[in-house]
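There are 2 protein chains.
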Amino acid sequence: MCRIQNYRSGIVCFFILTFKILTLSAQKTTATANVNDDYNEFWFVNYVNPMIGTKNMGHTFPGATVPFGMVQLSPETNQEPMFENGKYNPETYKYCSGYQYDDNTIFGFSHTHFSGTGHSDLGDFLLMPTTGELKLEPGSAGSPKSGFHSQFSHLNEQAEAGYYKVLLDDYQIQAELTATERVGFHKYTFAKKEKAHIVLDLIHSIYNYEDKNVWTFLRVENDSTISGYRQTNGWARTRTVYFVMKFSKPISSYGHKKYDHIQYNGFYRKFDETKNFPEMAGKNIRAYFDFDVEEGEELLVKFALSNVSTAGALNNLNTEVNHWDFDKTKQEAQQKWEHELSKIQIGTETEAQKTTFYTALYHTMLSPVIYEDVDGSYRGLDQNIHQSDGFENYSIFSLWDTYRALHPLYNLIQPTRNNDMVHSMLAHYDQSVHHALPIWSHYNNENWCMIGYHSVSVIADAIAKKTTNVNQNRALEACVNSSNLSYYDGLDFYLKNGYVAEDLSSSSVSKTLEYAYDDWCIAQIARNCENSALTNEYVKRSENYVHVFDPSIRSMRPKLSTGQFRQEFNPMDTHGQGFIEGNAWNYGLYVPQNIPKMVDLMGGKATFSQFLDQIFTTPIEDKYIEKNEDITRDGIIGNYVHGNEPGHHIPYLYNWTNTPWKTQERVRMIVKTMYSDKEDGLCGNDDAGQMSAWYIFSSLGFYPVLPGSPTYAIGSPSVRNAVITFENGRTLTIRTKNQSTANVYVDKIEWNGKLISGFELNHFDLIEGGELVFYMSNKPRKVK
Amino acid sequence: MCRIQNYRSGIVCFFILTFKILTLSAQKTTATANVNDDYNEFWFVNYVNPMIGTKNMGHTFPGATVPFGMVQLSPETNQEPMFENGKYNPETYKYCSGYQYDDNTIFGFSHTHFSGTGHSDLGDFLLMPTTGELKLEPGSAGSPKSGFHSQFSHLNEQAEAGYYKVLLDDYQIQAELTATERVGFHKYTFAKKEKAHIVLDLIHSIYNYEDKNVWTFLRVENDSTISGYRQTNGWARTRTVYFVMKFSKPISSYGHKKYDHIQYNGFYRKFDETKNFPEMAGKNIRAYFDFDVEEGEELLVKFALSNVSTAGALNNLNTEVNHWDFDKTKQEAQQKWEHELSKIQIGTETEAQKTTFYTALYHTMLSPVIYEDVDGSYRGLDQNIHQSDGFENYSIFSLWDTYRALHPLYNLIQPTRNNDMVHSMLAHYDQSVHHALPIWSHYNNENWCMIGYHSVSVIADAIAKKTTNVNQNRALEACVNSSNLSYYDGLDFYLKNGYVAEDLSSSSVSKTLEYAYDDWCIAQIARNCENSALTNEYVKRSENYVHVFDPSIRSMRPKLSTGQFRQEFNPMDTHGQGFIEGNAWNYGLYVPQNIPKMVDLMGGKATFSQFLDQIFTTPIEDKYIEKNEDITRDGIIGNYVHGNEPGHHIPYLYNWTNTPWKTQERVRMIVKTMYSDKEDGLCGNDDAGQMSAWYIFSSLGFYPVLPGSPTYAIGSPSVRNAVITFENGRTLTIRTKNQSTANVYVDKIEWNGKLISGFELNHFDLIEGGELVFYMSNKPRKVK
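Chains R and X, in that order, give the protein sequences. Numbered as in UniProt numbering, the first sequence ends at 784 without a single skipped number. Numbered as in UniProt numbering, the second sequence ends at 784 without a single skipped number.
Hints were generated in silico from the structure; no laboratory data involved. It is possible that part of the hints are untrue.
[Claimed, not checked] Straight-line distance between alpha carbons at most 25 Å, and here's what the computed DSS-like set of lysine-lysine pairs gives:
#, chain 1, residue 1, chain 2, residue 2
1, R, Lys193, R, Lys145
2, R, Lys212, X, Lys496
3, X, Lys496, R, Lys275
[Unchecked claim] Taking CB as the label site, the calculated pair distances span:
#, chain 1, residue 1, chain 2, residue 2, range
4, R, Asp503, X, Glu137, 52 to 58 Å
5, X, Asn469, R, Lys192, 43 to 49 Å
6, X, Asp503, R, Asp169, 34 to 40 Å
7, R, Glu210, X, Tyr88, 48 to 54 Å
8, R, Asp600, X, Ser253, 44 to 50 Å
9, X, Asp389, R, Asn104, 51 to 57 Å
Computed from a prediction, not measured in an experiment: that's the story for all the values here. Glycine included, every Cβ here is placed at the ideal spot set by N, Cα and C.
With the hints as extra help, turn the sequences into a complete structure.
Written out as structure tokens, the structure reads:
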């Protein structure tokens, strides 16, 4: 048997894997064989469709990247500014990842993107190949040929894991993209002999606005190498990205245009800086590089990033791509994906389901991203250069989203990386002037986005599952300090009074609930450290959710600093009612650390089960949706909003009532209706992989309702079978009997041949390896 | 005998030195003793008056610094912007160093300054101590109490080498400043119990204008430590200075105000960032730190700079000032000055002359400045961090000025530092995307200020005088590349046609003359490298001055690209006539590499001598002065403009005629009339020490008319006697016989007892040590 060790790149034992999958999904051998005929080498990669989620609100991008790669090289179909005449442009939101499937204009290819976020930044270093007359203005999508942009058609577009191709109609240039962790690799093929230009747009940003660019700097180092950097003040307040770009042939001429209001220009007035002057600097610059190309000629561009320096970028470039073989890099990128995706092998009813599944798995590996140079150096929160010591440093932690299922998923299939991420969080803590763990870390910045201090959940989950080697006392200290940051988000009042007061800090109920859960996580770490004083303190804090529960209406409800609940209160509304990205009905059920107590508060198991039914069946009113830009009607079942995270555990809550079969029913319904293999296959923002991680877990039949504990709640698998290969070399095989679209109910479950009672799985059992068999049925087994 | 080795800091053998000086200037023992009584320890330091040059156009600053220190901590008496309503504010120019003696308002103390430049930048990190109501606006000098500024009086002000003190009248705060190489040390003494504030103005700049600030970043690391940086786009296009500031007591509260137009603020809207929020960032910020102080309390502030990072600044701070003993640092600063100044010991007629002399010597050590952290790391031109290896890295090379006499002076008394500077120039070359040596280097930037490529002169002079250990072939390559930078300043045409064409590049005659001289320097290096091809090529290039000499009018004259001399030509005008900072009469005589040939061209010795007389006696018309902001009427003798550099060799040119006694006469006149010990004691910009270096040489009786050769032209010493101690431990003693104000003529000169014929000294003779005796007379010795 091919034991796949933990490695970051390499060759997949694809024969054996393919053999295994063929065995598991015998009914699909024909289709599988066909796919293999087409691609020869890769199996799992073929089931990735990066277009999923690019239509509407998925906010994913179709471009080329490797797993957890710093470079995410993808087309941009928007260039409208975030503000027009000082007013927010509502179109901005849909371009969080730079691309919308409905567009037919490409402005170029930029090197950094978020995947699935509900706010944005990045889009660094837009490259656009053109021919003919040089245009330095991007132009408007509505006006063909108004700038350097080009029309394109999906017919001539191909998106794969690690590879993207499109024909730029206006110039008849075939653009192909691939990447390594830190290098974007472009291949532009020209249709005819012509004057070609590569525009390097240093102004372009996702979520662009005046003054976002702080500074840019460019050097033409020699006839084919450019170095430089861009510094922005965006979502990340102080962010600098360095690059080195190499062309496969010498530049014939070059220049730039500066779009600054220039009051003073030092002594540069001596020169015509705009043409063939090798040093350019300013706030807003677009540069161009000219080439004479022949018919059918390929111009290759390697574009390396660093967050340290141009010297770092050059080292990254030379280390990762020391050749001009585009196909080799593409091959290696896809091998990396094949390796990661093959960790979960599934058999399914349909090919579409495989595509949905493997694309979801793909989407769980687009952030966090590696945030260090090949030599381990990176720029820290204090803006100094640090060296990762014994770990690989990561950034982009969208923790309010990802602590729920993404990091628990990593603890199953990416424990080494998750341990690196825990170390990265502690490094962030060490560098933080607030002495706080990340809330929403973004390069070397804290964005402070959303609520809670959920690094503690990620750390507690890793400790609970024994996947981290961090010093636990140091981790505990970091968690304690982070949870006592008095000036953070209503925490001062919470620390004194056990709840966040709505009149002092909005979304107060959500904050109280998340804090209480986080405090439970800290208690678990403290217990592990045998620190009984802190354990007791944080257990007590973990009960703070009761302070925002109004028994008179059996609902979580915003409380004022006076200690009174707020009079005006609409539990259906998602805005201004003490919650964020949710209303009292769904966010109000967020007490994962003590679900039995919450069920009690809500009136006991029967009443609570009915309340859950009510959530799934009472249609939410349109007026509440209109206000909520994160979701579309597609992402909602009744009042259950799958497009946002606070309710992701809700379908599993039936397990704590006498109607656990309803969890099975709901989960299967959500898996079926909220995800698909189409461009609009995500019903809301993928949120840095959390939506996709929910899908992976739920498809496999279980879900981490309480991160920080080693338990999973059992749902209903929608795969036919699966083999999960752990880093320890063992495998967990999931089989189903009687699986079908109709057979959503679980009759019984066997673990290594023994019947399981209850609806809970233990992490340590699973990673020891074994076989989990679900006996499916079209009728609920109405057990308690 | 106390042999003073080359060292950078330490204790001066002042007893022996003092003894020696007392012997030499026996007639002044009483005064000397008095001075010693006052100060106990320092002798030379007492003759430094940093106020010299702070009135009118000297552009020096009175603040505290150590020799060649990166930190130059000095009061600012101006805060008016460089542009008002888009128009240049003509007041800007006089504030090149931030201070004007005629002012009575101080806006604070900033940490970086140029000394004597004719253009400006810097003024980083203005600190202002205040009491009472917090004011964050600087206010206007014309409106007392309109902002945080304070009135002050020279009666309560004291400026010394390494120390500055002033009473801030508005707050009755005694401010004292001292410094190490990289740390400014402030001591503020408060008159009464009060709420005190330290304003940290990150907007203040010398030569300030909108958008000059690119970005600033601040962290309150703990209750008494602040770190941060400021990035500016000024004369240095891309410059970042990092700092760490430590207070001697905990801050009671703090905050900041942001003066930015904010369109988008990420998620920082969650916080009240303005008060006690430990991380601040933006383009334009003023921060404040509050303290409760008692009557008579001293608040100390240590402020370290780095051009690498805040980590570097912290290391600089901890390495250089690991205590809170202000007096110790002051003592050490003055010891460093005492050591450097004691290298030339003079006896004079008057105390005033000593003050003028030692202040001039002091002014020769305020730039270049050390540009590296204590660990040898520095930010290079490529914006990457480099490590100086085997040398100390320097920046601020105002080479068009300083190659003339300042670097030659260093080759006498600072050869180790000058060697470091040569290495710094070659490091600059290595990092330059233009593959060019510095023109006007400013931190990690090339300002491109003024004309020529005069690094080659500095390198040639160091090689000629054997004071550098650089690889000469590498140096030659750097010089050759620098002199072939085709897009630089008319060089393309010069390379093809042997002159710069006025219609293509203004100041074309000055450029041609400087290039030809620089090319002569390169020829010397090439000859030293035994590269005969390059020697011949550059000897030929060194003759290019003939191409801009018009024999029909016996004058250098602008030539057009057609090969014709320009018709319109006024040899008296300093603007638009092919010259810069000079007219044809004075700049036209700049052929130091072949003075006999130039004398021939000008009609032979007699005619040329008459022409020189004409220069010194024909008054320049007012209309030409008005246009020239660099000089005042005080700096002019006839048409000789001592306030600018191109004529600095002119007084010595009589040596190449039959009237060398006129050199003696002119030099003595200039020394006497163009310099004094008063605030207005400099007749023009000190130009980074070049004016002062001229004074030092000329006072000692010789001058390096041709840097790049080991020869000096003899003038007329104005000191009574002098002892120069070289790094090799040997001493050169200069004695005069019959010296007096009237006895300006040199009757004869003896070197180690032997009569010298001619008017030339050789560097290698001098540094071997010995005695040079000038026999003075009130009558010229009319020899040929």
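Taking the hints in turn, this is what the structure says about them:
Simply put, R/Lys193 and R/Lys145 have alpha-carbon atoms about 20 Å apart, close enough for the 25 Å limit, and the pair holds. Annotation: proposed proximity of R/Lys212 to X/Lys496 is violated, straight-line Cα distance about 46 Å (limit 25 Å). Proposed proximity of X/Lys496 and R/Lys275 is supported: the alpha carbons are some 21 Å apart, at most 25 Å. Under the hint 52 to 58 Å, the C-beta atoms of R/Asp503 and X/Glu137, about 34 Å apart, miss the expected range.
At roughly 58 Å, the beta-carbon separation of X/Asn469 and R/Lys192 lies outside the given 43 to 49 Å, and the hint is violated. Checking the proposed 34 to 40 Å range against X/Asp503 and R/Asp169 shows it is violated: the Cβ atoms sit about 48 Å from each other. For the hinted restraint 48 to 54 Å between R/Glu210 and X/Tyr88, the CB-CB distance of approximately 26 Å leaves it violated. In this structure, R/Asp600 and X/Ser253 meet the distance hint of 44 to 50 Å, their C-beta atoms being roughly 46 Å apart.
Distance hint check for X/Asp389 and R/Asn104: the Cβ-Cβ separation is about 56 Å, which falls inside the suggested range of 51 to 57 Å.
Of the numbered hints listed earlier, those contradicted by the structure are 2, 4, 5, 6, 7.
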